[in-house]
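Here the sequence shown stands for residues 1 to 294, numbered as in the UniProt record's numbering.
Please keep in mind that the hints were generated in silico from the structure rather than gathered at the bench. Be aware that one or more of the hints could be misleading.
List time: in silico BS3-like cross-link candidates among lysine-lysine, alpha-carbon distance up to 27 Å [as the list claims (entries may be wrong)]:
| # | residue 1 | residue 2 |
| --- | --- | --- |
| 1 | Lys238 | Lys141 |
| 2 | Lys238 | Lys253 |
| 3 | Lys73 | Lys272 |
| 4 | Lys10 | Lys226 |
| 5 | Lys10 | Lys253 |
| 6 | Lys234 | Lys272 |
| 7 | Lys238 | Lys272 |
| 8 | Lys253 | Lys234 |
| 9 | Lys81 | Lys171 |
| 10 | Lys141 | Lys10 |
| 11 | Lys141 | Lys81 |
| 12 | Lys226 | Lys272 |
| 13 | Lys253 | Lys141 |
| 14 | Lys233 | Lys171 |
| 15 | Lys141 | Lys73 |
| 16 | Lys253 | Lys272 |
| 17 | Lys226 | Lys238 |
| 18 | Lys253 | Lys226 |
| 19 | Lys233 | Lys253 |
| 20 | Lys141 | Lys171 |
Just the calculated beta-carbon pair ranges, DEER-fashion [to be verified]:
| # | residue 1 | residue 2 | range |
| --- | --- | --- | --- |
| 21 | Glu164 | Lys233 | 51 to 59 Å |
| 22 | Asn93 | Ser11 | 18 to 26 Å |
| 23 | Lys171 | Pro205 | 35 to 43 Å |
| 24 | Lys226 | Ile170 | 32 to 40 Å |
| 25 | Arg132 | Pro15 | 38 to 46 Å |
| 26 | Lys171 | Ser60 | 36 to 44 Å |
| 27 | Pro145 | Lys171 | 17 to 25 Å |
| 28 | Glu287 | Ala13 | 32 to 40 Å |
| 29 | Glu164 | Lys226 | 27 to 35 Å |
| 30 | Thr173 | Asp130 | 46 to 54 Å |
| 31 | Asn93 | His56 | 43 to 51 Å |
From the three backbone atoms N, C-alpha and C, an ideal C-beta is built for every residue, glycine too.
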Amino acid sequence: MAVVCQKGQKSAADPTPNQDNYFAHHVGPIGLYGVCDGHGPFGHLVSFRLVQSLPHFIASNPNWGEDWGLCLKEAFLAAQKELIEFAAREGFNLEASGAAGSVLIFEGPSIHVAHIGDAGCLVGSWNRHDSRVVYGAQDHKPDTPGERERLEAAGSEVRQVDVESYRIYIKGTNFPGLTMSRAFGDTACAGVLQEPHYHQMFIQPSDEFFAVIASDGIWEFIDYTKAVDLTAKKLRLKGPREAARNLVDASRKRWAAYCGEYCDDITALVVKWNVSAKGADTSTNHEFSVAHPE
1 MAVVCQKGQK SAADPTPNQD NYFAHHVGPI GLYGVCDGHG PFGHLVSFRL
51 VQSLPHFIAS NPNWGEDWGL CLKEAFLAAQ KELIEFAARE GFNLEASGAA
101 GSVLIFEGPS IHVAHIGDAG CLVGSWNRHD SRVVYGAQDH KPDTPGERER
151 LEAAGSEVRQ VDVESYRIYI KGTNFPGLTM SRAFGDTACA GVLQEPHYHQ
201 MFIQPSDEFF AVIASDGIWE FIDYTKAVDL TAKKLRLKGP REAARNLVDA
251 SRKRWAAYCG EYCDDITALV VKWNVSAKGA DTSTNHEFSV AHPE
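Just need the whole structure built from these sequences, with the hints factored in.
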């Protein structure tokens, strides 16, 4: 496993903290991995709290190991409830601050993914002869069929602001302009959900699979197919640390090309399974590399 978590640049003299955060937590043979991408004035506090609360509520849920879909749904809802309590206790406002979040659980041979918002999760194959996308989480956007109807039925207004760009407002106002239909926090707009989309898949001992759980800083200009192209060979030859670094560097180059000085915060957590490491210590099967470059 490897993670790179890097602050972006919102302006030439950007005083804001990195609003991305992540967790990796193991309970026996079960691995929990997550990335939260904060937004708004207090988005850094939201993502900071969620990477503490989400693994706690997942691991302590009574459906743990039995009904993963229900476990993850209840954990996401519990994290939202605790986040509201935390914000009230610490004195910050959640009306226009929140976070997207993606969580992956590996319970060999099962992989479980739950997400809300635009913090995407990719499961792919790093096999030399079969590099491909196995699964890619889809963003929750205000104009998505079903999402828009729910938001408008709840009293919120979905407004097109640009080509293929929609935002959510309190009806008749220009506030808050939320870009995702499901998110933690973001209490101003009715109809914004914290219930995640859940997906399950299975991995065989012969499958050379990997996952990239990442913030929108990665996915804004790199789709899942391109991410496999950028990652699979690096995983085969160098491993997760170089793969994560290469993905982040490629993303930053695209931000510079399309947005000049502006760059979103970027986090990429890469997990590689079924690794045959020559000369490895057979008493352990985990390795984790962390990079927090300035």
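Inset, instruction - Hint by hint, work out which the structure violates, then give me just those numbers in ascending order. - result: 1, 14, 21, 23, 29, 31
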